[in-house]
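S.K.: Residue numbers (the working numbering), protein chains in the order written: chain A, 1 to 255; chain B, 1 to 255.
No false leads were mixed into what you were given.
Copies of the same chain are indistinguishable here, so a pair counts whether it falls within one copy or spans any two.
As a list, the in silico DSBU-like pairs of lysine-lysine whose alpha-carbon atoms are at most 30 Å apart:
1. K179 / K121
2. K121 / K83
3. K24 / K83
4. K75 / K121
None of these hints come from the bench; they were simulated from the model.
Quantities reported herein were computed from a predicted structural model and do not represent experimental measurements.
Each chain, written out:
There are 2 protein chains.
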Amino acid sequence: MQRVKAIVSYDGTLFSGWQKQPNKRTVQTELEKALRSIHKGEDVRVTASGRTDASVHAIAQTVHFDTPLAIPEDKWPKAINSKLPDDVQVKRAVYAHADFHARFDAVEKEYHYRVLTSRTKDIFRRNYVFFYPYPIDVKKMKEAAAYLKGTHNFSSFCASGTDVVDMVRTIYRAEIMEKNDELHFIFRGNGFLYNMVRIMVGTLLEVGKGRREAEDMSAIIAAKKRSAAGKTAPGHGLYLWEVCYEEDKKQRHQV
Amino acid sequence: MQRVKAIVSYDGTLFSGWQKQPNKRTVQTELEKALRSIHKGEDVRVTASGRTDASVHAIAQTVHFDTPLAIPEDKWPKAINSKLPDDVQVKRAVYAHADFHARFDAVEKEYHYRVLTSRTKDIFRRNYVFFYPYPIDVKKMKEAAAYLKGTHNFSSFCASGTDVVDMVRTIYRAEIMEKNDELHFIFRGNGFLYNMVRIMVGTLLEVGKGRREAEDMSAIIAAKKRSAAGKTAPGHGLYLWEVCYEEDKKQRHQV
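For reference, chain A alone in the conformation it holds in the complex (with noise of 0.2 Å):
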């Protein structure tokens, strides 16, 4: 057996998130069930870097998975490519170590969101982009922004019902940047909680229409409850945009 990383495109507005669903279409169900037909009717389970919720979009998904069968590395992507259907897509996949493992390995995630400000909607990105045509000031919340940089418990920026323990993350970069009519957010870190980035994303928009300040995101951070921060932003402006392995961040320093 050997284990295969492969990195995985997808456009999520037609999938029910990542995580296989009875009934559901999912991405790792159509991922599966490609591999199942690769394999002769094999069973081939699929782990991701987590879950990505409806609609939600991968640039660079990773995912690890197991073979049997001695296909070169740089034909796997056309392998299952062509056993998917068309909105998700292997990039790349590299043989990995016995013991890589696509979530508890990934040291650092990226996500973009994007916002559409402009007055009128653009059909043609209704599923891409959050249409947000209000008034807002980009300074602001570019301001406000800074604040989640660094080390800090995000229970205020987590979706309630969560098992998940340890609420501290450290955010490395929390940029807005203005792209023609739209906003597009990016956030890297070492891990994001459930809803994390949505929720930063409705906060800052929230203190872009003036509902909040700027200065405010100390006291939203220190409340550590769900409720002291803003809207959750809609899952089909969010892109899951790379993830990183600590032989990525090997990679990096040596180029």
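Given chain A's structure and the hints, the job is docking chain B onto it.
M.R.: Below, chain B alone, put in the same frame as chain A:
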């Protein structure tokens, strides 16, 4: 009764084209349903500048309809949009002369066609560009496109089975622009035959691929038969970009 001229945008992905058909989801059906709802159940017939096929998009289709309602011009888009699904949208509306006709009065139309020329496909653009991952000679394609400009009998670029008798059209613009990993074809003319843009694009791509020479375009036009030209490019790369009327041309000259 007053005649309304409206500019409509739609994402063709989930439509069986413009024209009403039994048991099919079409743009005309959705617009007429929205207007019927605004008109308390009365049927309102919507006429477009022309049909578009399944999966073809419109940035600005022009339509007209008659109404007894005294809604101010600038309130019409919001009124109709509130009843429309999220993949079709009225962008603007004005009251026109009682004899304005969206189809018969159109004097110029512009179509764009997007081709993705990267080696790997992009799942996020799967419904919006024609994926053509082959080495192509864009310079030769531009040379070939120039042959299409002017007044010609375009029988070779018309899908068979149409009942149009006069196949002569004048093309004012036939350009190819390189935009990152895409080619954007721009065609502007006084009218287009059935599938004409898609056959022109398909033929130009064959020139790009080296299967035809740019100079062959003269003979293809002269042949006046569909079999002389290349394949029909798929509908999902095509955009109805603008429909121009005499009044628009006058306004343009005034500016």
